[in-house]
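*Asks:* Residues per chain are reported as follows:
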Amino acid sequence: MEYTTTILTGFVALYIFMLAAFTGFEIIGRVPAILHTPLMSGSNFIHGIVVVGALWALLNAASLPEQIIGFIGVLLGAGNAAGGYVVTERMLQMFKPSGKSTKE
Amino acid sequence: MNAALLIDASYFIAAFLFIYGLKRMSSPLTARSGIVVAGAGMVLAVLASFLYTLDVNDTAKPFLSTNLTLAIIALALGLGWAWRSGKKVAMTEMPQMVALYNGMGGGAAAAIAAIELIGYKTHSSVSLTLAVLGGVIGAVSLSGSLIAWAKLDGRINKTLRFSGLQAVNGSLLLLLLAIGAYIVWHGGVVAIPVFALFFVLALVYGVMMTMPIGGADMPVVISLYNAFTGLAVGFEGYVLNNPALMIAGMVVGSAGSLLTLLMAKAMNRSVANVLFSNFGAAGDEEQGEMEGSQKPVDAGDAGINMRYATKVIIAPGYGLAVAQAQHKLYELVKLLQDADVEVKFAIHPVAGRMPGHMNVLLAEAGVPYDIIYDMEDINNEFKEADVAIVIGANDTVNPAARSNKSSPIYGMPILNVDQAKQVYVVKRGQGKGYSGVENALFYADNTQMVYGDAQKVMVSMIQAIKSLGGGH
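Order-wise, the sequence lines are chains A and B. Counted from 1, the first sequence has number 32 at position 32 by our numbering; the numbering is strictly sequential. So the number in our numbering is just where the residue sits in the second sequence, counting from 1, plus 104.
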């Protein structure tokens, strides 16, 4: 059985955008203020997925300028993803309720 | 097994893990596992992307081994650098690091747009429009975030302002849109220098847009650029026909937009007002003389007074974190709690340099989050408090925001610390706040000033209370 990649165009793409936008809205809407900073950092990590697009672009580069820009793109995207993950993880590590305080 | 099927399936799982991870991150109880879940999605998506090597465009085939090497080097460098810097950075400097990483994401989105455009790989007008839009937004996010980072990091101190700045920025934006329209109109077939000019102008616009904005407003700006990057990533996802980018980008785009609105609302300002009003300039103008005087008090006396209080509310600000006094403060809190004093923390929505930043800083010191209260939950309790102690905060406790219509911060919701029976303000000197506004609280009859470095003040208070002996 031959598998071909689905081409997402026109209204299918529009539906995806719309549903994704509502998802983002719903997730943030009910969040207590104490988590705003970690969540901003967490969403910052998630758009680090751009590294995947940059990888595709670099692997399909067919000229020197494309290779240079692609290299920069992957470098920046990887930085976004890795940096976003580390700082978010560090922040979230610290949230503890009174009962579970590890100190003392 | 078909490579395309594997890639698509991995992206589907990754998109699910991102949304599920974000969902878990939205509650304090599950937040810690949320980032791990989302991280697993990212690793899966990146690994799957290497399957692209099996199926690249014919034109790129001769370059494949070079490209693969470049990709691995770029990944390793970006990952290695960001991982190290992220582990090292102090919690107080977190906002500028988030700005920096965010700018990198915007830059990556712009790079994708640039490759698509200069390689003449995109032809349909919808794809071209989104490639161009994503390119502008990504580039603005890159240069704007870099400026935001430099400002918060203290590398740029001056705010660029001249009359006609908004007119210049407006024309720059129009020019950008005109070039973008020109590119789309010609089906993407325009000379390379046009593309170059387009991206350079977008970068310049990001700088010009961010330079006039004062440091106090940077949190809103960073959040806005976070949403920008999300949008840019979503748009480039469409261009690359990559649903993982489309979904993740758009989720962040809308979540980031909402977060930006929430933050601006907490400061009682609109996002447009933050971006275009040159806030903070008003601090240079006449604000009228303050009546009364600032009354100093000894740190030890203030500490002992708190020891015999029934209820103490602490209003911390960024100054607390700058002085690295959170740990000493928590030590003081524990002493007070042992003496049966009820202690609560009151957090203004914009305390610190990002919303929720103060919560992170207190959490770092080990303060449990269930004695930390948001402004709206605790503001009615100040009138029952014997002591309210303000540490390193200023604008967020300035009663002028309620009463003085000529004050630049008029209308901003504030913590009602002035309603407590006794107010102590721990402050380094007699200066003004981050926004440059004079604070009426410092001159109030029930306010006493404890001058000094916050950490040393905490130590003096702790010693004074300990010298009383364990009095239960």
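In case anyone wonders, no lab produced these hints; they're calculated from the structure. The beta-carbon is built from N, C-alpha and C at its ideal position, and this holds for glycine as well. Some clues are possibly wrong.
[Unchecked claim] These stretches of chain A come out as covered by chain B in the derived footprint (C-beta under 8 Å, 3 or more residues): (1) 18–24; (2) 38–48; (3) 61–69; (4) 83–95.
[Unchecked claim] Label-pair ranges, simulated between beta-carbon atoms: (5) A:G29 to B:S275: 16 to 24 Å; (6) B:V304 to A:V12: 29 to 37 Å; (7) B:K399 to A:R30: 31 to 39 Å.
*Asks:* Against this structure, judge whether each hint is valid.
*Replies:* We went through each hint and held it up to the structure:
no.	hint	in the structure
1	18–24	holds (count 5)
2	38–48	holds (count 11)
3	61–69	holds (count 7)
4	83–95	holds (count 13)
5	A:G29 to B:S275: 16 to 24 Å	violated, 37 Å
6	B:V304 to A:V12: 29 to 37 Å	holds, 35 Å
7	B:K399 to A:R30: 31 to 39 Å	violated, 44 Å
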